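Chains as they are written, first to last, in our numbering: chain A, 1 to 268; chain B, 1 to 286.
None of these hints come from the bench; they were simulated from the model. For clarity, every value in this text was computed on a predicted model and none was experimentally measured. Cβ coordinates follow ideal geometry from the N, Cα and C atoms, glycine included. Among the hints, erroneous ones may be present.
Straight-line distance between alpha carbons at most 27 Å, and here's what the computed DSSO-like set of lysine-lysine pairs gives [what the hints assert, rightly or not]:
hint, chain 1, residue 1, chain 2, residue 2
1, B, LYS217, A, LYS93
2, A, LYS93, A, LYS11
3, B, LYS140, B, LYS101
4, B, LYS41, A, LYS93
5, A, LYS179, B, LYS140
Listed next, the stretches of chain B that the computed footprint assigns to chain A, with coverage defined by at least 3 CB atoms under 8 Å from CB atoms of chain A [what the hints assert, rightly or not]:
hint, segment
6, 70 to 83
7, 109 to 122
8, 125 to 135
Residues per chain are reported as follows:
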Amino acid sequence: MRGVSRDRSRKLLPWISTPIILVLAFVAWDVFVRVSEISDAVLPPPGRVLSEMVTVLTTAETWEHAWITTSETLGGFLIALVVGVVAGVVLGKVPWLELSLRPVIVASQVVPKVALVPLFVIWFGFGITSKVVISAMLAFFPIMLNTQLGVRSVEAGQREVMRSLNATRWQTFRHLEMKSTLPYVLAGMEVGIVLAIIGAIVGEYLGGSEGLGYMLVRTLNDLNASAMFATTILLSLIGLLLYFVVNALKRFLIPWHESVYGQQDLNG
Amino acid sequence: MSPDSAEAVKTTAGARQSSRTGAAGAAKLELIGVGKEFRTKRAHTVALSDINLTINDGEFVSIIGRSGCGKTTLLRMLAGLLSPTTGRILVEGRSLWNGTKVDTSVVSQLGVVFQEANLFPWYSVAENIALPLQLRGDDKASRMKRAYELAELVGLGGFERSYPRELSGGMRQRVAIARALSINPKLLLMDEPFGALDALTRERMNLELQRISLATKATVVFITHDINEAVFLGDRVVHLTPRPGRIHQIRTIDFPKPRSIDVQTEPEFGVIVRELRHALDEDEKR
Numbered sequence: 001m002r003g004v005s006r007d008r009s010r011k012l013l014p015w016i017s018t019p020i021i022l023v024l025a026f027v028a029w030d031v032f033v034r035v036s037e038i039s040d041a042v043l044p045p046p047g048r049v050l051s052e053m054v055t056v057l058t059t060a061e062t063w064e065h066a067w068i069t070t071s072e073t074l075g076g077f078l079i080a081l082v083v084g085v086v087a088g089v090v091l092g093k094v095p096w097l098e099l100s101l102r103p104v105i106v107a108s109q110v111v112p113k114v115a116l117v118p119l120f121v122i123w124f125g126f127g128i129t130s131k132v133v134i135s136a137m138l139a140f141f142p143i144m145l146n147t148q149l150g151v152r153s154v155e156a157g158q159r160e161v162m163r164s165l166n167a168t169r170w171q172t173f174r175h176l177e178m179k180s181t182l183p184y185v186l187a188g189m190e191v192g193i194v195l196a197i198i199g200a201i202v203g204e205y206l207g208g209s210e211g212l213g214y215m216l217v218r219t220l221n222d223l224n225a226s227a228m229f230a231t232t233i234l235l236s237l238i239g240l241l242l243y244f245v246v247n248a249l250k251r252f253l254i255p256w257h258e259s260v261y262g263q264q265d266l267n268g
Numbered sequence: 001m002s003p004d005s006a007e008a009v010k011t012t013a014g015a016r017q018s019s020r021t022g023a024a025g026a027a028k029l030e031l032i033g034v035g036k037e038f039r040t041k042r043a044h045t046v047a048l049s050d051i052n053l054t055i056n057d058g059e060f061v062s063i064i065g066r067s068g069c070g071k072t073t074l075l076r077m078l079a080g081l082l083s084p085t086t087g088r089i090l091v092e093g094r095s096l097w098n099g100t101k102v103d104t105s106v107v108s109q110l111g112v113v114f115q116e117a118n119l120f121p122w123y124s125v126a127e128n129i130a131l132p133l134q135l136r137g138d139d140k141a142s143r144m145k146r147a148y149e150l151a152e153l154v155g156l157g158g159f160e161r162s163y164p165r166e167l168s169g170g171m172r173q174r175v176a177i178a179r180a181l182s183i184n185p186k187l188l189l190m191d192e193p194f195g196a197l198d199a200l201t202r203e204r205m206n207l208e209l210q211r212i213s214l215a216t217k218a219t220v221v222f223i224t225h226d227i228n229e230a231v232f233l234g235d236r237v238v239h240l241t242p243r244p245g246r247i248h249q250i251r252t253i254d255f256p257k258p259r260s261i262d263v264q265t266e267p268e269f270g271v272i273v274r275e276l277r278h279a280l281d282e283d284e285k286r
């Protein structure tokens, strides 16, 4: 039974270590601010950030901005998911199409997509649309590429089994191809959701008057470093929450996959 | 010309005809002049040529040969995965192939076990075993009942709800065998099913397969390159020679079943194995 208890304590370890690291970081931060007598406008002490955090969180406007950013992210992500999975399946299934599009795909991968953001603002305006489009564009590639890889990675031996069982196309899809590809799609989604948030924030930096990205730029113009910290923390929390939603989805959908049963991380 | 006489012609003098092949009514599987050619732009290979073989109900036939002798090609044709270029394959008198089109109603009565277990990791042991029944449209209660029976039969009682990743190589292969047996196949086709297992596991699986085949009265075509295994399990051993793949000889193995592992130490067993080994070595020289 020793193995079991060791397993359990291993799973508990991150839950103990993470708070300790956080507390240590805050203490170090606080000590540094006191000792160096650094200006508040550059690095406010954690206590100040915390009280600013309370102010920020209790302002109704903050939540409106947070909601805007979240919906842009989710909107872009869902578009990327649908388009990415469809494109990935098509490219995975039709080799000649993939071959002829490969140079274009590689080229568009290499383009620093964030550099296109101003262009999207011109095309889609300063409103929500441009941010959704940017989010979708960033999240699209990992989802599409992973899906394509997944479709290709269906094992020949397992296909042979379905053939020898006289399975119809639909049965092969339902029992083999879909199940086999799903882990790849979910891996793409995990990367995609993080990129979708980045897309929404960068979009808000550059144009518009809504969202947490816009709020950040405003705190910069006010030189209000504690509010900037507070907003950044809020953004990180939203990002973490969205990531965990996708991760939970993965645990629910593919409990049999090694990326799930072998996982021993924070949410383990 | 009946398939039996064709077989007799092709069989070398050293091979003994099984007396049971005479009972044509009980023929489970008949191969009549079966051949397979692969044509590419550059090459034209004759993988198999004029294979004539009759396998009776409940018979266990081992097929041995060096790699490249076409034994896997033969099994893929029997499994409905690859069409023969010439000849006919009859399962209980019904033709498996119509030209290059396979008769799906015949294929659906075959059970196939490959070298790899090829289980579906997203399904439990019971769900894997019951997959052929699910594809056939059996209701859940009846197919699960059958899956539990079969898990018991192949020695996996208590593991029905486990997932393939939790099983050893030998256990996975047992699941694959149970899956193939789930539909009560008229014919069980096995392509080096224990080739990927270690020697000890392999020996145990041989005993298990003998027990399972006797318990289910299954008709088995068993492909291997292991002579010992072929002789231990087979009622008959078919020796294929390469380039082109032909039946070189068919030996009847008369040891009564069930055979214990000790049968391998009997002098006559050693003689058969040695003769087959020499014959296989001859193939190498050709």
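According to a criterion of three or more residues whose C-beta lies within less than 8 Å of a C-beta of chain A, is the segment 70 to 83 of chain B covered?
That given contact holds, which follows from 3 residues of the segment 70 to 83 of chain B lying within Cβ reach (below 8 Å) of chain A.
Would you check the hint for LYS217 of chain B and LYS93 of chain A, treating anything up to 27 Å between C-alpha atoms as holding?
violated, 42 Å
Given hint LYS101 of chain B paired with LYS140 of chain B - CA-CA distance at most 27 Å
violated, 32 Å
Take the segment 125 to 135 of chain B, compare each residue's beta carbon with every beta carbon of chain A, and decide whether three or more fall closer than 8 Å.
It holds: at least three residues are needed, and the segment 125 to 135 of chain B offers 4 whose Cβ sits within less than 8 Å of chain A.
Are the Cα positions of LYS93 of chain A and LYS11 of chain A separated by 27 Å at most?
violated, 40 Å
Proximity test - 8 Å, beta-carbon atoms, the segment 109 to 122 of chain B to chain A, at least three hits
Per the Cβ count (8), the hint holds.
With the threshold set at 27 Å, check whether the alpha-carbon distance from LYS179 of chain A to LYS140 of chain B stays at or below it.
Distance ~20 Å between LYS179 of chain A and LYS140 of chain B Cα, so the pair holds.
Please work out if LYS41 of chain B and LYS93 of chain A have their alpha carbons no farther apart than 27 Å.
Given that 27 Å is the threshold and the Cα spacing comes to 26 Å, the pair holds.
Of the numbered hints listed earlier, those contradicted by the structure are 1, 2, 3.
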